[in-house]
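> Each chain is listed here by its residues.
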Amino acid sequence: MAEMATRIEMIEARRPPDLRRGVLGWLRANLFDGPLNSVITLCVLAVLGWGLWPLVQWALIDADWLGSTREACSGEGACWVFISARFETIVYGFYPEAARWRVDAVFMMLGLLIAWLAIPRLPAKRWVGLFALVGFPAVAYVLLLGGHFGLMAVPTREWGGLMLTLTVAVVGIVGSLPLGVVLALGRRSQMPLVRGVCVVFIEFWRGVPLITVLFMASVMLPLFVPAEVEFDKLLRALIGIMFFWSAYMAEVVRGGLQAIPKGQEEAAKALGLGYWRRMGLVVLPQALKLVIPGIVNTFISLFKDTSLVLIIGLFDLLAIIRSGLTDSNWLGFATEGYVFAALMFWIFCFSMSRYSQHIERRLHTGHRN
Amino acid sequence: MLRSSSSERGALWRNPAVRALVIQALLLLGLAALIVMLVTNTLANLEARGITTGLGFLQERAGFSIPQSLIAYSGDSTYGRTFVVGLLNTLLVSGLGIVAATVIGFAVGISRLSSNWLLARLAAAYVEIFRNIPLLVQILFWYFAVLQALPSPRQSLSLFEALFLNVRGLVMPAPVAQPGFDATLWALALAVAVVVGLTLYARHLQARTGRALPVYRLGALILIGLPLAVFLATGRPLAWDVPALAGFNFKGGVTIIPELMALWLALSIYTASFIAEIVRSGIQSVPSGQVEAARAISLPGNITLRKIVIPQAMRVIVPQLTSQYLNLIKNSSLATAIGYPDLVAVFAGTTLNQTGQAIEIIAMTMAVYLLISLVVSALMNLYNARTLMKER
Numbered sequence: 001m002a003e004m005a006t007r008i009e010m011i012e013a014r015r016p017p018d019l020r021r022g023v024l025g026w027l028r029a030n031l032f033d034g035p036l037n038s039v040i041t042l043c044v045l046a047v048l049g050w051g052l053w054p055l056v057q058w059a060l061i062d063a064d065w066l067g068s069t070r071e072a073c074s075g076e077g078a079c080w081v082f083i084s085a086r087f088e089t090i091v092y093g094f095y096p097e098a099a100r101w102r103v104d105a106v107f108m109m110l111g112l113l114i115a116w117l118a119i120p121r122l123p124a125k126r127w128v129g130l131f132a133l134v135g136f137p138a139v140a141y142v143l144l145l146g147g148h149f150g151l152m153a154v155p156t157r158e159w160g161g162l163m164l165t166l167t168v169a170v171v172g173i174v175g176s177l178p179l180g181v182v183l184a185l186g187r188r189s190q191m192p193l194v195r196g197v198c199v200v201f202i203e204f205w206r207g208v209p210l211i212t213v214l215f216m217a218s219v220m221l222p223l224f225v226p227a228e229v230e231f232d233k234l235l236r237a238l239i240g241i242m243f244f245w246s247a248y249m250a251e252v253v254r255g256g257l258q259a260i261p262k263g264q265e266e267a268a269k270a271l272g273l274g275y276w277r278r279m280g281l282v283v284l285p286q287a288l289k290l291v292i293p294g295i296v297n298t299f300i301s302l303f304k305d306t307s308l309v310l311i312i313g314l315f316d317l318l319a320i321i322r323s324g325l326t327d328s329n330w331l332g333f334a335t336e337g338y339v340f341a342a343l344m345f346w347i348f349c350f351s352m353s354r355y356s357q358h359i360e361r362r363l364h365t366g367h368r369n
Numbered sequence: 001m002l003r004s005s006s007s008e009r010g011a012l013w014r015n016p017a018v019r020a021l022v023i024q025a026l027l028l029l030g031l032a033a034l035i036v037m038l039v040t041n042t043l044a045n046l047e048a049r050g051i052t053t054g055l056g057f058l059q060e061r062a063g064f065s066i067p068q069s070l071i072a073y074s075g076d077s078t079y080g081r082t083f084v085v086g087l088l089n090t091l092l093v094s095g096l097g098i099v100a101a102t103v104i105g106f107a108v109g110i111s112r113l114s115s116n117w118l119l120a121r122l123a124a125a126y127v128e129i130f131r132n133i134p135l136l137v138q139i140l141f142w143y144f145a146v147l148q149a150l151p152s153p154r155q156s157l158s159l160f161e162a163l164f165l166n167v168r169g170l171v172m173p174a175p176v177a178q179p180g181f182d183a184t185l186w187a188l189a190l191a192v193a194v195v196v197g198l199t200l201y202a203r204h205l206q207a208r209t210g211r212a213l214p215v216y217r218l219g220a221l222i223l224i225g226l227p228l229a230v231f232l233a234t235g236r237p238l239a240w241d242v243p244a245l246a247g248f249n250f251k252g253g254v255t256i257i258p259e260l261m262a263l264w265l266a267l268s269i270y271t272a273s274f275i276a277e278i279v280r281s282g283i284q285s286v287p288s289g290q291v292e293a294a295r296a297i298s299l300p301g302n303i304t305l306r307k308i309v310i311p312q313a314m315r316v317i318v319p320q321l322t323s324q325y326l327n328l329i330k331n332s333s334l335a336t337a338i339g340y341p342d343l344v345a346v347f348a349g350t351t352l353n354q355t356g357q358a359i360e361i362i363a364m365t366m367a368v369y370l371l372i373s374l375v376v377s378a379l380m381n382l383y384n385a386r387t388l389m390k391e392r
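Here the protein sequences line up with chains A and B, keeping their order. Taking our numbering, the leading residue of the first sequence gets 1, the next gets one more, and so forth. Taking our numbering, the leading residue of the second sequence gets 1, the next gets one more, and so forth.
Don't take every hint at face value.
Simulated DEER-style distance windows between Cβ atoms [as the list claims (entries may be wrong)]:
id: 1; chain 1: A; residue 1: GLY129; chain 2: B; residue 2: LEU26; range: 30 to 40 Å
id: 2; chain 1: A; residue 1: ARG354; chain 2: B; residue 2: ALA229; range: 52 to 62 Å
id: 3; chain 1: A; residue 1: TRP116; chain 2: B; residue 2: GLN290; range: 22 to 32 Å
Hints are computed from structural coordinates only; laboratory data are not their basis. A virtual CB, placed ideally from N, CA and C, is assigned to each residue, including glycine.
Could you put the whole structure together from the sequences, leaning on the hints where they help?
Here it is in structure tokens:
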């Protein structure tokens, strides 16, 4: 029988384990974990203190918020009066004041539709989506342009500001998605001519900058149509934007189509479904669902690039703010103007990108390779 | 029982091969009709407006000056030369932007993976802020809100009395080569050749014997040491043209115009936010088992990084990086918003307004960008083919 080890003296008390919990433990683990990390932390803190604090002071603490004229600006910090004084113009452009309720109505409808489509729990997604793609553009067209049903006609040269930015973005999105799907299907077609046309179309638009496309739409398009056809400036820009982004959309959709196993289409074929039903009922629903994040990312790029229309002389959100800077009563507020423009665009783009990430997580079914 | 297909009504229409032919024939007809319509309309419109077609205008006198050109250019130069000046300016800002965006992008992307919470958060904030603001807003911000707010040349901000920053741009001393400087350039060329040879030899040696030469250290030594030695031996034949205030502006040195600075800053900062995300996802795409395996065979940390992680991450990073570079080149056309004389501004802008040759000019401009895209894509495909995972 083995002798049992016995101990007569007490075990000496050991030091408690390292502090790994609480605020101090967190600080030690994440910020002061070794000399290098401590130095980095201090450097970052110094940069933040040196750069961020003056910014906060300029934008919030020393800023002037109230008033309606230039006299309200004390000149110490930002003068947001510059923005609030022309807020109406920034939102509606030169849209006649009496008809602005129509813009509000379209905004509200757009907001409701987006909310309905974005919140997963609400029912009847298909019908709402169909309305958003077909019914809503028609209603918005009638309301914004007027000229029917006793509504005052408002020509597009009076459109501007946030309203024009959103119009360009929504038309671009609604137009480029279906066109992109068709192009993506065409690029995977068995017919060499169809495939060739789609490849050339896609690669052409993807190879040139949007600015040259807008230039082309504004100076070349009038040459392409018979002289008596008068093209609206906004319409020309919209056509250019739609073609340009449909090419990018096509590539995103193609990525989704390639990810669907071949067996899906073959099974549909075995059931006797024709090409359009195979695509519409079996392949596309799966493929589009897969590339929702990619589609939303393309939307974000499209939204950011709507600002380019200012180069061909349309007064979008950025152009309106920019034109306000040349107002002789308000010279010298370039920083406020551009910071505000940046903030507006940022809010839209950031929320879209957050939504895309959320969808990605929700659709992520757990298997990765 | 088999029935001949011709005896059945509609069978021809149900034949996929026939249907494909019909569809394609219709498509071809439609395309041809569209092209004929466009061409006849355009010719009629051009005639009505009295515009002659052709590239003859490229030989005409341009008559406008350009604030920055890399080759000799004056108002007497031709439109053809305007095109070249614009193209070179586009390539200049794109090249500068690509270098800066890559450096910032890699730094931010790696910082996002840092174990330092604060640094990682700062990098994440950088990415989220700058990629969600339109590039045009950023360009206008840097140009109108920052660079136009700088002091006049007399009150320039200066660094060591050699670098001067003012509303007219950044003025720097310019190196002026003296006679005999050629020897240093030749030495540099020789050093590059030697290093290339050394790298090839080292690879060969390691493949044959397993012995590794310290290529990086040796290479750096040769690359810096050889030209420096020649430079010193020939009596330092390089002078600096230091800018000095004369009247209301600086004389001497080189000036980086504010348009170039604003465009460069905005392009680099904007593109870097995308590159940072690419770098992060590239590094994260390397399975952790790879690093663990390297550790298990007790490879040191820096070799694990250099031989295991980076080569595998680069396979993911490079294709996306290339498409960002292409985006940057295309985005440099936004120069026209602040008047930097790039291809679009001087050629598709001023030249088009002066000559009215819309079709030729837009086509030439688009062709340049298309050509750049195609060349870069071709190089990319070459790289992809070389680095493709060799699988059985």
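> If a hint holds in the structure, say so; if it doesn't, say that too.
Evaluated hints:
In this structure the supplied range 30 to 40 Å holds for GLY129/A paired with LEU26/B, their Cβ-Cβ distance being about 31 Å. Separation of ARG354/A from ALA229/B is about 57 Å and conforms to the stated range, judged on CB atoms against 52 to 62 Å. A hinted range of 22 to 32 Å for the beta carbons of TRP116/A and GLN290/B is inconsistent with their spacing of about 46 Å.
The structure fails hint 3 only (numbered hints given earlier).
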